[in-house]
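**Q** The primary structure of each chain is shown beneath.
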Amino acid sequence: MQLPIRTRDRLLAAVEEARKRKAPPEHVIYLCAGTGCRASGAMDLAGAMKAEIEGKGLGKRVLVKLTGCHGFCEKGPLVVHHPSGVFYQTLKPGDVKDILETTIDRGDVVERLLYRRPGTGEIVRLEKDIPFYANQKRIVFDLNGRIDPFDIDDYLAHGGYVALAKALATEPGKLLEEVKKANLRGRGGGGFPAGRKWEECRSAPAPEGIRYVICNADEGDPGAFMDRSVIEGNPHRVIEGMVIGAWTIGATDGYVYIRHEYPLAVETLAKAIEEARRYGLLGSDILGSSLSFDIKINRGGGAFVCGESTALMASIEGEVGEPRAKHIHTAVQGLYNRPTNLNNVETWANVPLIVERGAGWFTSIGTKGSSGTKIFSLVGKVANTGLVEVPMGISLRSLIYDVGGGILGGKEFKAVQTGGPSGGALPSSLLDLPVDFDSLTRAGSMMGSGGAIVMDEATCMVDVARYFTKFLEDESCGKCVTCREGLRQMGWILDDVCAGKGTRGQLELLGDLGEVVKEASLCALGGTAANPLLSTIKYFGEEYEEHIGEKVCRALVCKELIRYEILEDRCTACGICRKDCPTQAIAGAKKTVHVLDQAKCIKCGVCYDSCKYGSVSVASGSYRRVSEQIKFKLRPVKASA
Amino acid sequence: MEAMKKKPVLITVDGRQIEAPEETNLLSHLLDAGLDIPNLCYHEAVRPYGACRLCLVEVNQKGWKPEWRKISTSCNFPVLEGLTVYTDSDKVLRHRRLVAELLLARCPRSAEVREMAERLGVERTRLREQDEDCILCGLCARVCAEIVGAHAITFNARGGRKGLSTPFAEPSRECIACGACVFVCPVSCIKLVQDESTRTIDRWGVSLEMAVSKRTGLPFAPRKQLDGFALRAGLPPDFYDVAPGEIERR
Amino acid sequence: MAEKKKVKASKPVKKASPAKKRPAPVVDAPHAPSPPPPAPDVARPAREHAFVGIKGHPLKPATEVPALGKDERLRLDEILDRYGRSDANLLGILQDIQDRENWLPRNALENVATRLDVPITRIYRLATFFRSLSLEPRGKHVCVVCIGTTCHVRGAPKLVDRIELEMGIKAGETTKDMLFTLETVGCVGACAMGPLVVIDKKYHGNMTMDGLTRLVKGIKGTPVTAEEEE
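So the protein lines, in turn, are chains A, B and C.
Just so we're aligned: the first sequence equals residues 1 to 641 in this note's numbering.
Just so we're aligned: the second sequence equals residues 642 to 891 in this note's numbering.
Just so we're aligned: the third sequence equals residues 892 to 1121 in this note's numbering.
Hints listed in this document are in silico derivations from the structure and should not be mistaken for laboratory results.
It cannot be assumed that every hint is accurate.
To be verified - The following residues of chain B were derived to be distant from chain C, with all beta-carbon distances above 12 Å: (1) 658; (2) 662; (3) 665; (4) 685; (5) 704; (6) 719; (7) 738; (8) 788; (9) 821; (10) 824; (11) 871; (12) 881.
Said to hold, decoys possible - On the chain C side, residues computed to face chain B include the following (Cβ under 7 Å): (13) 950; (14) 951; (15) 953; (16) 1010; (17) 1011; (18) 1015; (19) 1016; (20) 1019.
Here the structure is a predicted model, which is why all the values come from computation and not from measurement.
C-beta: ideal position from N, C-alpha, C; glycine also.
Please model the complete structure; the sequences and the hints are all you need to start from.
**A** This is the structure we're talking about:
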């Protein structure tokens, strides 16, 4: 392959060449090396696997491919075997021998490493049959578990950059129409039609001939990590989308703003950009067209507010991330006051798919108002946590129960929080809502970037509202009085409520504060800051009532309202709680029932967590929970002989 | 002047028509028209900032349905042809009052904040009080950077923790004690004290020796400030032996 | 237990002027201000710089800023050469300095200000705005606890409390022996593995109280007891 690739025909030839060169050997082990699996030891597993394969002389027959995030982070480290399609989960380096001997040598499966359905325990051998995957529609994520993100040839081998070649042979105006027809809406939270934004940017006056496209990879919503996985798993698709966008809009420079907390994403994308340049897919006269375009990476500095478009642009300019009023759209005057088109990572990743397969294909997925798919970060108290890509319009119930496998530990569903700090919590009565931009907004939440945090009865909704309010107060840029002072006051009132000192008058005050923060703040951070509070008051008002009226926290979370106790008829005097208690509040000795001194108790919950004999209870009013018994060696001190 | 290049257009404010240059900021024209729009962080000498949220109005842009209204600060909202502005609707007044309560809670001992709140009909705040004196409007820092060019003070941190100080919270090395920040502060929380030989701004930790006119014997500016100007403008060393424009005492 | 890192006590600035009396407040307060709010439940970094310059918070005494050593200068040159001299790259430059030095030394910042011809106020503002940057020296081991929503509902606050107790410092602080810095962050993007603790850039998912105790004791060099080992 001659580099750089100078014409579209040469690109198509390069794709064919790559396909042949990357034809898989007899066995391929796709090993997930995304951040989540790395956190559970994937790199150690990879090391052990490669060593074992070398040792057994299988190097020519078995390829271990480190891929990006597969999405099923809960079950990591995980591998998928080609050609069988078998899925192995929660692996340790010690399992490598078994896998090689059983699956590679004998063509059989290691049953103990297979996925088991929650509840029935029924095993599922193949990845495609696991409900978590079977119920997804992976179009953006299709290559995530299959390609090496650090190898551009792998992307080419799977048809990469063919869409770009097609786009550069199409007149930009036609491409714009296609994107508009596809009704691609921003996947970062706003849901604004991308086609319209592109059009505004394209037609904005650019006297110096400079326009920018920006990829917003700031992904500050806690609970959301879709964009990270798209970049870590398939960075070239994002690059391809941006180049197509640049051609359509007439942009000359591109920026990707990645938050500081994603070092692996930065590394992966940096390598991909370097390779794309080497192949002539970034730079001047791309594939023989008149497009000259390059991309630069800017790292964020740990500021959630920099996900807001004007703050992001200020940060790229070397200033603090303070938003400005958007009476003039950034598409007209954005970065350095020039026309700038900013879109989210997932939005850009959809672009090559739309160009290649057409707007009609894209609108055939999803609903009329929201076409295509959406990647959700389904986390929290759900059995199968991870990243899922589903068609728009799927119901919340289906998302949580079919894909997510229901609530962890068989507990009761309480709420699902969508949209991060800008969204709201929805109760079980709304589980049949379709997941799309407009339905969620109408219900008082929003789609946001796609975080879906599932909460059960052990989550206190007042505490959740307080958490979000404090988070936003901390992350607020602090410029406008309503957001800065308003959120601070709201946080203090919620502190009072959680401490059992709240009054009904304060609840009313919260409503007033929420309204002024929402309507009179400068940017969308302030504008949506009251959503978590207002939605929890609307749907979980009884919990606020209990906190204020009865000083009770039914989820047993709020420290001032709960009480820990050692159950005297179950205590085995094992002594662990006494040793672990940070304030030495527990008195006891061998064979003597331990007693907790309430005056010294700081409600840290360590005794509850460390008791293995089910002898510690936590209670608030008439609600009570007892620690789980997982050891049975010792008997209760007071057990009748 | 920039304003002169802009086309004059007609806008409607509380039912009456006003002419104003397009794309200039709305608040200045509302104030010129004699309307009492409360504001603390606005000053005509520097770019609008939009921090205090007191100058809120409701606007309806040309082409919108008549009942659609948007709340916006007027200091950074552009004058647009056919704009309709409501400066005293119920909603606007309600929001302004809550903003006043928020400011009152932050700076309960500030006379200017209390006066502004009382003019809006707010006697006390229902919110938790702190004891700050600065409202973080940023005028001092903006003037110091945009007009004076000394860059001695700045915002720091963000969110509830935001403050305004000298770099590293140490006595300022760049401050020339010109007093612009003192002049422009809407809540008078920067104090300047001067005697025959020294000018002190406590808040920035500066205490500068005054230059004295060789002719009148009166102090007229900090020596450091004058040295800075002389360096920047390449002035001869005896340029500031007397105060510029000084009238000789007889 | 390691003691809290003490901040130097600020001495009042010595003034040449005889004016010592602070001007009296313009009007009397209508009623006494309420006591300061209680510390929030969510652990937050403690940054000393934020409130200075505001009434009641005195300025710190002026620091003697040492000149850059030869090696320090070379390291800084390399970073500045890589970025070019544009002030738009300030954030990236500061981040690279921090990656190299583990914090932002004052003399490096003053040097950058001079060479890029930007006021020191601008650099100071950036350094205090962005949470990833630190104006205080950090410990040998930097421990970051994720307090994102998912990690929060899975018990992250308790983990923070536990480390604070074990190490004797609050989030945002460094132990006196410069061994250990504790920080919290809004989300590290591995939400399915919550609660997460990142120590020395290595991610530890599904962190339990026991696992945490073992990790922290490993850093302190304290032996782990048999019971905890189970």
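**Q** Identify every previously stated hint that the structure contradicts and give their numbers, smallest first.
**A** Hint check: nothing fails, all pass.
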